[in-house]
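As they're listed, the protein sequences go chains E, W, S, R and U.
To convert, take the position in the first sequence, counting from 1, and add 3; that gives the numbering used here.
To convert, take the position in the second sequence, counting from 1, and add 3; that gives the numbering used here.
To convert, take the position in the third sequence, counting from 1, and add 3; that gives the numbering used here.
To convert, take the position in the fourth sequence, counting from 1, and add 3; that gives the numbering used here.
To convert, take the position in the fifth sequence, counting from 1, and add 3; that gives the numbering used here.
Hints listed in this document are in silico derivations from the structure and should not be mistaken for laboratory results.
One should not assume that every hint holds.
Identical copies go unnamed one by one, so any copy, or any two together, can satisfy a pair.
Lysine-lysine pairs mimicking PhoX-like chemistry, simulated, CA-CA at most 25 Å apart [unchecked claim]:
no., residue 1, residue 2
1, 206, 128
2, 278, 206
3, 98, 110
4, 177, 91
5, 240, 179
6, 112, 179
7, 177, 112
8, 98, 69
9, 240, 114
10, 98, 206
11, 110, 238
12, 240, 278
13, 240, 112
14, 91, 278
This one's a predicted model, so the numbers in the text were calculated from it and none came from an experiment.
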Amino acid sequence: MHISYSNLHIFKELAMNKVMITLASIGILLTSGSALSDPAPMYKPGETASPAMAAPAMTGPIDRAKILTAPGVFGAFSTYMIRPDYYKLSAAERKGAAAEVMAVVDKHKEKVIVDAYLTRGYEAKSDYFLRVHAYDAAAAQAFLVDFRATRFGMYSDVTEALVGITKALNYISKGKSPDLNKGLSGATYTGDAPRFAFMIPVKKSADWWNLPEEERLRNMEIHTVPTLAYLVNVKRKLYHSTGLDDTDFITYFETNDLAAFNNLLLSLAMVPENKYHVRWGNPTVMGTIQPFADVVNKLSMGH
Amino acid sequence: MHISYSNLHIFKELAMNKVMITLASIGILLTSGSALSDPAPMYKPGETASPAMAAPAMTGPIDRAKILTAPGVFGAFSTYMIRPDYYKLSAAERKGAAAEVMAVVDKHKEKVIVDAYLTRGYEAKSDYFLRVHAYDAAAAQAFLVDFRATRFGMYSDVTEALVGITKALNYISKGKSPDLNKGLSGATYTGDAPRFAFMIPVKKSADWWNLPEEERLRNMEIHTVPTLAYLVNVKRKLYHSTGLDDTDFITYFETNDLAAFNNLLLSLAMVPENKYHVRWGNPTVMGTIQPFADVVNKLSMGH
Amino acid sequence: MHISYSNLHIFKELAMNKVMITLASIGILLTSGSALSDPAPMYKPGETASPAMAAPAMTGPIDRAKILTAPGVFGAFSTYMIRPDYYKLSAAERKGAAAEVMAVVDKHKEKVIVDAYLTRGYEAKSDYFLRVHAYDAAAAQAFLVDFRATRFGMYSDVTEALVGITKALNYISKGKSPDLNKGLSGATYTGDAPRFAFMIPVKKSADWWNLPEEERLRNMEIHTVPTLAYLVNVKRKLYHSTGLDDTDFITYFETNDLAAFNNLLLSLAMVPENKYHVRWGNPTVMGTIQPFADVVNKLSMGH
Amino acid sequence: MHISYSNLHIFKELAMNKVMITLASIGILLTSGSALSDPAPMYKPGETASPAMAAPAMTGPIDRAKILTAPGVFGAFSTYMIRPDYYKLSAAERKGAAAEVMAVVDKHKEKVIVDAYLTRGYEAKSDYFLRVHAYDAAAAQAFLVDFRATRFGMYSDVTEALVGITKALNYISKGKSPDLNKGLSGATYTGDAPRFAFMIPVKKSADWWNLPEEERLRNMEIHTVPTLAYLVNVKRKLYHSTGLDDTDFITYFETNDLAAFNNLLLSLAMVPENKYHVRWGNPTVMGTIQPFADVVNKLSMGH
Amino acid sequence: MHISYSNLHIFKELAMNKVMITLASIGILLTSGSALSDPAPMYKPGETASPAMAAPAMTGPIDRAKILTAPGVFGAFSTYMIRPDYYKLSAAERKGAAAEVMAVVDKHKEKVIVDAYLTRGYEAKSDYFLRVHAYDAAAAQAFLVDFRATRFGMYSDVTEALVGITKALNYISKGKSPDLNKGLSGATYTGDAPRFAFMIPVKKSADWWNLPEEERLRNMEIHTVPTLAYLVNVKRKLYHSTGLDDTDFITYFETNDLAAFNNLLLSLAMVPENKYHVRWGNPTVMGTIQPFADVVNKLSMGH
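For reference, chain E alone in the conformation it holds in the complex (with noise of 0.2 Å):
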């Protein structure tokens, strides 16, 4: 394919940085911290743009390290809410739905790893959400259909479902923002074994969209400085959503100091970016990190 653009005077009277953004410049500070010494594969335009899609064929489970730093990934999120009637069946059956759960789990553990948290008590829309990473979308929706297939899973009413995609750090790169990414990189998670995640959807307006490149890097750049100190005891990921659900990016934490993270989302609201957000949680959704059965078994419990 050749495409001359030669001929389209009309777009010279325009503001050219606008229009000539590098697709494959965008991006944001969240990520995971392993992922932030990483070098950002860059992508262009036509091309296949994950490194991942060509991953190798699994044939053993997962590598949970290697899918939670990689770009090209999928996570799916999901909250879900149980239904009353669940409460209905007898104590025997509810008993069994954990196992049949993990059934699942084991089932697709050569194409997804799934995370649970319980959200009862902290949400009104949710008593648990998934996380579920792939190297393929087509995978993610297999478990998630087979989960809904379950007891526990066919009592589940979704009440907010997200795709993202990760990406390699843009705009805080060693090449663009050197001293920054420094920071990041130089500073890792000291705390005690986080018990608390959060997903908090963003979606950025019109007008952000439109800023020159350089004026996001640098309205990221402030957004990056107050976050640095947390870096000890927040952890961060950061997934790309635009087109793929009403949002552009979902934001996940993990944490085990609920103060430093409402200080950390305090910095946050103060810096100039939070200007562009037309969605910034909606929900913001809150739960403690648990193992999958333990979530099914506590939601299972009453007479």
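Assemble chains W, S, R and U onto chain E, guided by the hints.
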């Protein structure tokens, strides 16, 4: 009918380009690939606008390739959730669901074509969605009413419904924007068979519609440039729906490369046209492309 | 009653045209064709405004042509969804539904006329909608309460309800806008019998209502010009509802040419008046025009 | 307690009229006719504000005329929908519903008065609404809790609930706006017994509440002028609810002339005060005024 | 009490650095009276912020007075509606509900304290709400999960859930605003035992959070002045929740004087800070303060 405007001197003070907009000059870049080379028939208000309305009586199954590229075709999109009590039917009763649905599809095959998509796992407000094409909007309704009378349809709640009509390319036509028009027709999809589809409604502000046509054209040209590179890995089709439902357009995409799709949508976020969106998504519906019977069967699983 | 305004000097600084608006001067272009030639009776605040209120006692069925063109008539619109358990009634029980409904229509035929529309397939939040006209709003309620007590009504959930009142043409009257008035009365519907109807609520901003009347008139004239060409293929009727429900107007359309209707609504999007809309649709309700018994029967299908 | 503000020089730079607002000076035109001649008791912050709180212990039924005109009275508005399974009770069971409800009304008659309105046919989100007046807000709750324990109440879902308190006229008082005050007290309702009632919540923007009191007074005067003419055919009553629920005011109207009511509300749309509304309606609730037992009986029909 | 404002010279300075805001300097006027004299511990990002986290292991019931005044305490608010089928249980089954609930409260009494409020009659979306305090947010969840497993909890739908954390006074501290700080600590509640409680979420705009700290302090001082007079009849407590849920603050009030409360909230509407609210209420939840067992019993009535 003769209407003399000669005494409407009051309008002379007004910006005539806003008032005298040629009504036929409404369109947008996105459309199916094969429609791109069709010359756009010009409609005049007061005439029956759609050549498809005058289509010869159908005597056999609808020609899929033809209806998918013709202007004046109706597209009825609807998303569905299965009600929980469906899973209280015996497995035997659910087993027959697909056959019953396919019989209805067969009954209407001279009037409509139907595409089905599995959304469970990706969406909170739907388990599947349907795209129905017909030359007559009443035929689309007749099919959907019959579908809802099947067991599977009866246990489905409609969660979104949109109706649109296809039109020939307008802004980026051979006459108005020859270079970009060449770009659009010069590239075709070369990726793997798409496994994923998206339905994204678009509504534009009063400020957009009140722009002079030249400015809208210019905006659509800027919108078009970054999308050319994605013709090879993302297919697109556009339906116009102002007045037919609460949106102006229904945009539909097919791809096998979700990272490329994410980048395409980011590039559309970065052009000034985005500032005129009052709805872009809400919902963004992501599904896997599957035979209708498979969708029914997969959603009929579970003991 | 004597009210002296003489000391209200405070108002002298204010734009009197905003304060002293003649209350009767409220209206809008859209109205049924036959109403266009009716002279507009002028109401004064403090009087019983509607001549229809003084209509002679009815001793036979309502005159359809008359009530559809008179000012001071109430229009009650309501949309409905059938609850799923309706389909758990035996087919025999559902078979009698239409007759029971028609008996209620007959019982009220001296007080109301009822139109029914099938929306299933086009709408997510309704299966059908009703338009009830009455000279007395209480009579419309009496019918609707009786209708809800039928089996079919009992299994229907109301999803939207709007009440409006018809008024004589105001802005585009013979006196104020003679040429456009001539245009409106000079063309009549010549298309095929309409198969489709639309109900679209309209609410305008405080900025609109605070414009001087001349500017609102001017806006309505600009609004009117592009609509003249569609008199031949789209019928229109307007109901005023400020204070009666959460919208200012209920606009109602009938057509057999959906492409023309789409173009008409686009032309209304392109005039400055559109900038004053705070609600235009939400919902836009599209249905097929059908005898009430047919609507009931079609929605009673299914085993 | 002695608070000296004399050294607050810092505030001298500020718009003092914003800071020094006399808290008692809050009110609005709308109020019941008979309350208009009552002198407004002045409350000071820090005192028990409502003289009604100090009302003598009731030993008989509440005096309707008195409670409807006194300041410091609580009005609890609540809208209800009947759940469908009510109609699965036998007709005999439903027959007793009205008597059971009226017994509860009688039980509480020394503490509350209750008005009922039929909204079915006019509203999508309610079948009826209640207006309960009490000198003590806890007494209103006690009645409503008992009502919900009746069969009819048990099958009713609450769809909106608002609590407000009556206050003496503030802006358009004898002292501040003598001519308009005379206008308000000089006209009384002369129409037929009202058959229709409306409940319309009103919330004003931060910009409104930050206006200097003089500007709010001036706005309320402009608001008042066009409403005077409707005193003869529309009755009005106002409840203040800032902080008690998610609105600032509950406006209540009774009329037998819906066209006049529509024109009154249009006139209120046309004054600058309308620009400060962030909620006006949502819902607008229209009902017919009926004895409570009739409302129960009409909604208990159906086989 | 004598309050001199003469030294409020702090307002004369306006340092502009938005980026370098001290993260610890976040707070707001509202807090419980007894907390006011506590010195505010200063947190630094990167440390475990809450001294309460390091509280000694509890070996007996929680000290109510202490937990209600300490910083670093979690408050979990949740509102509930009883599902209709609860009333289809036999009266005998419902009779035991309160005892079962109180047993759960007793089981957790070393980790949480629980307050209950009856909202039926005042609210459409709740029948009651709970306020749970704990030094560890996971303990609050553990209680709420157990509560939902009781019969009463099982028949309750959660309709809102918010989590916040208490902090020491920030803006109106001894150091920053000594006179107002004295005012806050110089007055205590002298009214009758409060019968009414309110829960009102507050979220502030990006513009607010991007103000220099001095301007936010100044706004909070202006906010504080009119509230001082209400310390005698309205109690207040504040929870910080940025990032923990979709609001920035949860404000909680107790009073026996609803007219005074209405005036207090009006005075807060009239200060410039109100212009920065993006959420203030939604919901405003009003309830009567009652022993938990009474709330359960009152909502278990009905045949």
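Consistency of the hints with the structure:
In the homo-oligomer, the alpha carbons of residue 206 and residue 128 lie at most 25 Å apart both inside one protomer (20 Å) and across protomers (19 Å), since each shortest distance falls under that limit. Taking identical chains as interchangeable, the C-alpha atoms of residue 278 and residue 206 lie at most 25 Å apart whether they share a chain (11 Å) or sit on different chains (14 Å). When the C-alpha separation of residue 98 and residue 110 is checked against a cutoff of 25 Å, the pair qualifies both within a copy, at 20 Å, and between copies, at 23 Å. In the homo-oligomer, the alpha carbons of residue 177 and residue 91 never lie at most 25 Å apart, since the shortest distance is 57 Å inside one protomer and 57 Å across protomers.
Taking identical chains as interchangeable, the C-alpha atoms of residue 240 and residue 179 lie at most 25 Å apart only when both belong to the same chain, with a minimum of 20 Å there against 38 Å between chains. When the C-alpha separation of residue 112 and residue 179 is checked against a cutoff of 25 Å, the pair qualifies neither within a copy, at 38 Å, nor between copies, at 54 Å. With identical chains, the CA atoms of residue 177 and residue 112 are never at most 25 Å apart, being 35 Å at best within one copy and 52 Å at best between copies. Proximity of residue 98 and residue 69 under a CA criterion of 25 Å is satisfied in neither setting, with 34 Å inside one chain copy and 40 Å between copies.
With identical chains, the CA atoms of residue 240 and residue 114 are at most 25 Å apart within one copy only, with a shortest distance of 20 Å there and 32 Å across copies. In the homo-oligomer, the alpha carbons of residue 98 and residue 206 never lie at most 25 Å apart, since the shortest distance is 40 Å inside one protomer and 42 Å across protomers. For a Cα distance limit of 25 Å, the shortest separation of residue 110 from residue 238 qualifies neither inside one copy, at 29 Å, nor across copies, at 34 Å. In this assembly of identical chains, the alpha carbons of residue 240 and residue 278 lie at most 25 Å apart only when taken from the same copy (22 Å versus 29 Å across copies).
Only within a single protomer do residue 240 and residue 112 lie at most 25 Å apart by alpha-carbon distance; the minimum there is 22 Å, versus 37 Å between protomers. In this assembly of identical chains, residue 91 and residue 278 lie within 25 Å of each other by CA distance neither inside one copy nor across copies; the values are 48 Å within and 49 Å between.
The structure shown violates the earlier hints numbered 4, 6, 7, 8, 10, 11, 14.
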